[in-house]
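J.: Kindly generate the complete structure, drawing on both the sequences and the hints.
So the protein sequences, as listed, match chains B and W. Quick note: to get our numbering, add 231 to the position in the first sequence (first position is 1). Quick note: to get our numbering, add 460 to the position in the second sequence (first position is 1).
None of these hints come from the bench; they were simulated from the model. Ideal placement from N, C-alpha and C gives every residue a C-beta, glycine not left out. There could be a bad hint or two in this list.
[As the list claims (entries may be wrong)] DEER-style ranges, computed between Cβ atoms:
no., chain 1, residue 1, chain 2, residue 2, range
1, B, Pro-382, W, Arg-480, 42 to 50 Å
2, B, Gly-392, W, Gly-490, 29 to 37 Å
3, B, Val-442, W, Arg-480, 39 to 47 Å
4, W, Arg-498, B, Gly-444, 52 to 60 Å
5, W, Arg-535, B, Gly-392, 34 to 42 Å
6, W, Gln-478, B, Cys-343, 16 to 24 Å
7, B, Arg-344, W, Ser-513, 46 to 54 Å
[What the hints assert, rightly or not] Pairs of lysine-lysine, DSS-like flavour, derived with a Cα cap of 30 Å:
no., chain 1, residue 1, chain 2, residue 2
8, B, Lys-233, B, Lys-461
9, B, Lys-453, B, Lys-272
10, W, Lys-471, B, Lys-340
11, B, Lys-340, W, Lys-524
12, W, Lys-508, W, Lys-465
13, B, Lys-272, B, Lys-461
14, B, Lys-233, B, Lys-453
15, W, Lys-501, B, Lys-340
16, W, Lys-501, W, Lys-524
[As the list claims (entries may be wrong)] To be clear about the criterion: a stretch of chain W counts as covered by chain B if any three or more of its residues have a C-beta under 8 Å from a C-beta of chain B, and this derived list gives those stretches:
no., stretch
17, 467 to 479
18, 520 to 532
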Amino acid sequence: MKFGVIQFPGSNCDSDTYYAVRDVLRQPVEYIWHQDTDLRKFDCILVPGGFSYGDYLRTGAVARFSPVMGALEGFADRGGLVLGICNGFQILCEAHLLPGALTANVGLKFICRHVNLRVEHNRSAFANECREGQVLRIPIAHGEGNYYCDPETLARLEANGQILFRYCDEQGSLTDEANPNGSLANIAGIVNERGNVAGMMPHPERASESVLGSEDGQFVLKSLVSALVKA
Amino acid sequence: MAKVKVYVTLKPTLLDAQGRVVQNALNNLGYEEVDGVRMGKYIEIELKDNGHSVQERVDEMCRKLLANPVIENYRFEVSD
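T.: Next comes the structure, spelled out in structure tokens:
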């Protein structure tokens, strides 16, 4: 089982993500440079958070054309597991590996704090270690996390169970107050129709040890390991 | 040599949070008639003549990179 963490110019959660896989999950992991195009040795690829290419033009808009992204599309086509976190989620949307887009937070502020996430179901490779309806406490850190898609896409996401995590209050209720950025239907994380490419704005790697204030991110990260063991 | 002005705006169905803040600021300054503000991006491009159709090439640039068709509309003007 081999994990890869992509590094773009401007990625800044690459080391945290690498650390979470190596030292918390205790799984083999390697960095992948944005110019690399051979991903055959990997089973799961993590697209980390940060500000790739300075977020110029739009978040993820330039990173999406890096050489590694063509290879990542092939990796996803072959059924490989891909998880984009924060900027990684934005990049996967720009690359059309996930539907929709992430726009400016409705309050226009960069928000960096813990939020509550409701696990919508545990049938995916990204939440199989969670209970359905479980509330996870995981931090967000973004200025553009406001998920948007057209009504037809939203209906499809709902019908197919492609919504993985939604912003909620401590009891798991989906309120407007618990929605930090104005995301449509409180969406915090989604998966593609095939079930092997997911993106989420909250940072599970920043909630992977008790010293960080929460270990709930482990539920997401360990789900990847369980999915790969079963595969 | 052609010069192109590209305008990228959020689709009307999306809330333009920046535009709303600017509208409130204008209203607060006494411009009560301001009933809506939408903000966008303005991009200037200079093109060398290489035989390609400027219209087609710039349209492609907009669709590929300059605008995200999921959330944005674009239009452009070409001048020599």
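J.: Now, for every hint given, state plainly whether the structure supports it.
T.: Results of checking the hints against the structure:
{"no.": "1", "hint": "B/Pro-382 - W/Arg-480: 42 to 50 Å", "result": "22 Å, violated"}
{"no.": "2", "hint": "B/Gly-392 - W/Gly-490: 29 to 37 Å", "result": "52 Å, violated"}
{"no.": "3", "hint": "B/Val-442 - W/Arg-480: 39 to 47 Å", "result": "40 Å, holds"}
{"no.": "4", "hint": "W/Arg-498 - B/Gly-444: 52 to 60 Å", "result": "40 Å, violated"}
{"no.": "5", "hint": "W/Arg-535 - B/Gly-392: 34 to 42 Å", "result": "38 Å, holds"}
{"no.": "6", "hint": "W/Gln-478 - B/Cys-343: 16 to 24 Å", "result": "20 Å, holds"}
{"no.": "7", "hint": "B/Arg-344 - W/Ser-513: 46 to 54 Å", "result": "50 Å, holds"}
{"no.": "8", "hint": "B/Lys-233 - B/Lys-461", "result": "14 Å, holds"}
{"no.": "9", "hint": "B/Lys-453 - B/Lys-272", "result": "20 Å, holds"}
{"no.": "10", "hint": "W/Lys-471 - B/Lys-340", "result": "21 Å, holds"}
{"no.": "11", "hint": "B/Lys-340 - W/Lys-524", "result": "28 Å, holds"}
{"no.": "12", "hint": "W/Lys-508 - W/Lys-465", "result": "15 Å, holds"}
{"no.": "13", "hint": "B/Lys-272 - B/Lys-461", "result": "18 Å, holds"}
{"no.": "14", "hint": "B/Lys-233 - B/Lys-453", "result": "14 Å, holds"}
{"no.": "15", "hint": "W/Lys-501 - B/Lys-340", "result": "19 Å, holds"}
{"no.": "16", "hint": "W/Lys-501 - W/Lys-524", "result": "16 Å, holds"}
{"no.": "17", "hint": "467 to 479", "result": "holds (count 6)"}
{"no.": "18", "hint": "520 to 532", "result": "holds (count 5)"}
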